[in-house]
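> What follows is the residue order along each chain.
There are 2 protein chains.
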Amino acid sequence: MTAAVTPTKRSLDLGPAVELVSKEEGHRQPLAPEFVSAEDFSPLEVAYDFGRVRREDIEAGPRNIWRYKKLLPVPSNVEEIPNTEPGCTRLVRADRLAKALGLKRLWVKDDTGNPTHSFKDRVVAVALAAAREFGFDTLACPSTGNLANAVAAAAARAGWQSVVLIPSSLERAKILTTAVYDGNLIAVDGNYDDVNRLATQLAAENETWAFVNVNVRPYYSEGSKTLGYEVAEQLGWRLPEQIVVPIASGSQLTKVDKGFRELGTLGLVEETPYKVFGAQATGCSPVSTAFRNGYDVVQPVKPDTIARSLAIGNPADGPYVLDVVNRTGGAIEDVSDEEVVEGIRLLARTEGIFTETAGGVTVATTKKLIETGKLDPEAETVLLITGDGLKTLDAVEGRIGPKATVPPNADAVRQALQS
Amino acid sequence: MTAAVTPTKRSLDLGPAVELVSKEEGHRQPLAPEFVSAEDFSPLEVAYDFGRVRREDIEAGPRNIWRYKKLLPVPSNVEEIPNTEPGCTRLVRADRLAKALGLKRLWVKDDTGNPTHSFKDRVVAVALAAAREFGFDTLACPSTGNLANAVAAAAARAGWQSVVLIPSSLERAKILTTAVYDGNLIAVDGNYDDVNRLATQLAAENETWAFVNVNVRPYYSEGSKTLGYEVAEQLGWRLPEQIVVPIASGSQLTKVDKGFRELGTLGLVEETPYKVFGAQATGCSPVSTAFRNGYDVVQPVKPDTIARSLAIGNPADGPYVLDVVNRTGGAIEDVSDEEVVEGIRLLARTEGIFTETAGGVTVATTKKLIETGKLDPEAETVLLITGDGLKTLDAVEGRIGPKATVPPNADAVRQALQS
Chain A
1 MTAAVTPTKR SLDLGPAVEL VSKEEGHRQP LAPEFVSAED FSPLEVAYDF
51 GRVRREDIEA GPRNIWRYKK LLPVPSNVEE IPNTEPGCTR LVRADRLAKA
101 LGLKRLWVKD DTGNPTHSFK DRVVAVALAA AREFGFDTLA CPSTGNLANA
151 VAAAAARAGW QSVVLIPSSL ERAKILTTAV YDGNLIAVDG NYDDVNRLAT
201 QLAAENETWA FVNVNVRPYY SEGSKTLGYE VAEQLGWRLP EQIVVPIASG
251 SQLTKVDKGF RELGTLGLVE ETPYKVFGAQ ATGCSPVSTA FRNGYDVVQP
301 VKPDTIARSL AIGNPADGPY VLDVVNRTGG AIEDVSDEEV VEGIRLLART
351 EGIFTETAGG VTVATTKKLI ETGKLDPEAE TVLLITGDGL KTLDAVEGRI
401 GPKATVPPNA DAVRQALQS
Chain L
1 MTAAVTPTKR SLDLGPAVEL VSKEEGHRQP LAPEFVSAED FSPLEVAYDF
51 GRVRREDIEA GPRNIWRYKK LLPVPSNVEE IPNTEPGCTR LVRADRLAKA
101 LGLKRLWVKD DTGNPTHSFK DRVVAVALAA AREFGFDTLA CPSTGNLANA
151 VAAAAARAGW QSVVLIPSSL ERAKILTTAV YDGNLIAVDG NYDDVNRLAT
201 QLAAENETWA FVNVNVRPYY SEGSKTLGYE VAEQLGWRLP EQIVVPIASG
251 SQLTKVDKGF RELGTLGLVE ETPYKVFGAQ ATGCSPVSTA FRNGYDVVQP
301 VKPDTIARSL AIGNPADGPY VLDVVNRTGG AIEDVSDEEV VEGIRLLART
351 EGIFTETAGG VTVATTKKLI ETGKLDPEAE TVLLITGDGL KTLDAVEGRI
401 GPKATVPPNA DAVRQALQS
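Top line first, the protein sequences correspond to chains A and L. Counting in full-length UniProt numbering, the first sequence tops out at residue 419, every number present. Counting in full-length UniProt numbering, the second sequence tops out at residue 419, every number present.
Note that these hints are calculated values from the structure, not bench results. Note that the structure is a prediction, hence the values are computed from the model and not measured. We put the beta carbon where it would ideally sit given N, CA and C, even for glycine. Incorrect hints may appear among the rest.
Pairs of lysine-lysine, DSS-like flavour, derived with a Cα cap of 25 angstroms [claimed, not checked]: (1) 174/L with 174/A; (2) 99/A with 368/A; (3) 23/L with 70/L; (4) 374/L with 70/L; (5) 174/L with 403/A; (6) 368/A with 104/A; (7) 104/A with 374/A; (8) 374/L with 104/L; (9) 104/L with 174/A.
Incomplete in silico selection of chain A near chain L, CB under 7 angstroms [as the list claims (entries may be wrong)]: (10) 81; (11) 85; (12) 90; (13) 182; (14) 186; (15) 187; (16) 198; (17) 204; (18) 268; (19) 349; (20) 352; (21) 354; (22) 378; (23) 390; (24) 403; (25) 410.
Listed next, with one range per pair, are the computed distances between beta-carbon atoms [stated by the list, open to error]: (26) 49/A with 236/L: 45 to 55 angstroms; (27) 411/L with 270/A: 53 to 63 angstroms; (28) 63/A with 329/L: 28 to 38 angstroms; (29) 63/L with 270/A: 18 to 28 angstroms; (30) 38/L with 379/A: 49 to 59 angstroms; (31) 338/L with 26/A: 36 to 46 angstroms; (32) 63/A with 394/L: 46 to 56 angstroms; (33) 26/A with 104/L: 51 to 61 angstroms; (34) 169/L with 338/A: 48 to 58 angstroms; (35) 63/L with 207/A: 39 to 49 angstroms; (36) 297/A with 169/L: 46 to 56 angstroms.
Required output: the full structure, derived from the provided sequences and hints.
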């Protein structure tokens, strides 16, 4: 746990956020850049006093996640401070994918439209807004991909320093997409676990560094609620019957559920029943395995899957994912790397959306959930597609290519098309 | 010119579009999939009868380009037909870039948020909508990059066949990003000129193929007007004083101007003066050269620049670009490949936006226009950033990287940051 930084003169403004609460035993403590309860050692979560929130206020807000600022731990003037303006990504009616899967009514939430093309822009934007209130001046993270891009970009736009730690073995393309923002990108000779440990240590030692997914994690993770808010608003202020969410740490799934419940409690949507489904790659499926076995704890695994953005072997929110899925009557499944690639290709072929491996996991798992009778093909379903295929080209490399290579004449083209 | 396809039973519905008009002598002819006037051999352009269009109607529309459907050559129900739903991308206030450039008030229109991350999704969506009305069933193009992605994705989502022709020497990554949509991607043994010639021949021979940038080009190019509409709406229904637009064929620049003028004529914005500036890479700068020399025609060049998406040596709309720039009191400049890379890095470092080489051209040219006194640093300026850096990683390869590579301990990280 990081010592709280002394706020500057003005008092702390985190909007409707009032306290942190421990997830296990509900111990309450003041808002601070801390992430684990000293009482019960469980994760801390933001608690709110929302007051009255009306649809009209939200609809009159900006076309980004700050339209929901009255539901987030961010300052009241958050939209005026330079930020990457993530959110309000497309929710597309996916009739062709629905047909291919045998679903009646399907929507795809396409979060590749975010500034750095993954949902991480949402959580990082909230983390940065909260970190600024706490008096931090540097945005940091350990990462191998989407998070590194999002942190480096958000810091650049805000005029903050950034410190992004990556394993030195990372592919050149992934290094470039973070290095271009010109923050402090540090390659560490070690694996991702080494980098993660180093981040936790540095977070404890550097009072002005906000590690988005460490010391300001309770604020950061609230950013995922906006996926739930947007789905509901884009459906015309109502909840879908089923939603399929990929599981890495599990935070996103629990926060989408939290967002749905808040909307219901606040009277912004009718409290209709919904089922939350989780998707994992078999090569890193600790939560799926726990669900299958009926456990309420999650046994860590050593990840081995092409879905690297989901490859968290010891997911912090695993038990809470199980809670949500069990409470709502959903299910969790996992799919092979081969199925992941098929999922990527199916979504691209039917809806023109090119997703990264995590999206392939979501699509393929949906297919499996239908085949095993766990997902109701008659019920309206939403898939969360949270990252971009341009970032995981290696997953499809060697599997797809031109239909034909021909000499430059029209007959050759026609023949190629007829073959 | 392609023979018009016989429309199906219902009559042609292209919304407010009423005729095609030749750009040189104003010859009028019925709406059809034709792109060159048989009278004066100049390009054909869509003419409209808009009737009354109100801001409220637009604001009540969908959050994509179809909110402007009453200003486009598309059917009245266009938003109901599956499409990639491009547009409504972010217009971000760019104070840090403004400061770096010495500008008072600057906005960046970040079109990387489109479905396949370039403005081509806009023009392809309009082309597809019009092509459907004309009875075509296959969407096609010659391309080496953004257009190939956009056509393949749009066709996939619409459930259409696609035929995308590329030079067989294209880099593997660019092949993958089109091949994933599973259309007919045909690699042609030849250079881009060969591929282009082949496309024109095939467009003439295949009555059911809509080559977006050949036989349905007049409709396709109208899609770029939406960039102008969005900028004006996002500024609060007013025109900027200066706008900088990259020039490839020159179509985008002329259509942004057309969009601005239409908004003024329709009373949707006040008709305040604005200047349009053009940006080229020196390695392919025929329009900039013509402007510098005061010519009203453009001499073709052989392109040699890293800004490949702008590398059109014989730009079809070059003369019309000169007209717009001269009429509005703007200017055109060009920049070296070295400056292009600096432009990419400057935008990333100051605003967290990673653009492709074309965006680097726009930023670097803006800098040059300020330095040469052609762009007024006191006047409000908009830059069009029309494509994504993830697609041109080779441009920054070898120039950027980690700040340091260190062993996995905190001291080493701290030392690296102090050095």
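> Hint by hint, which ones does the structure fall short of?
As far as the earlier hints go, 4, 9, 10, 17, 18, 22, 26, 31, 32 and 34 are violated by this structure, in ascending order.
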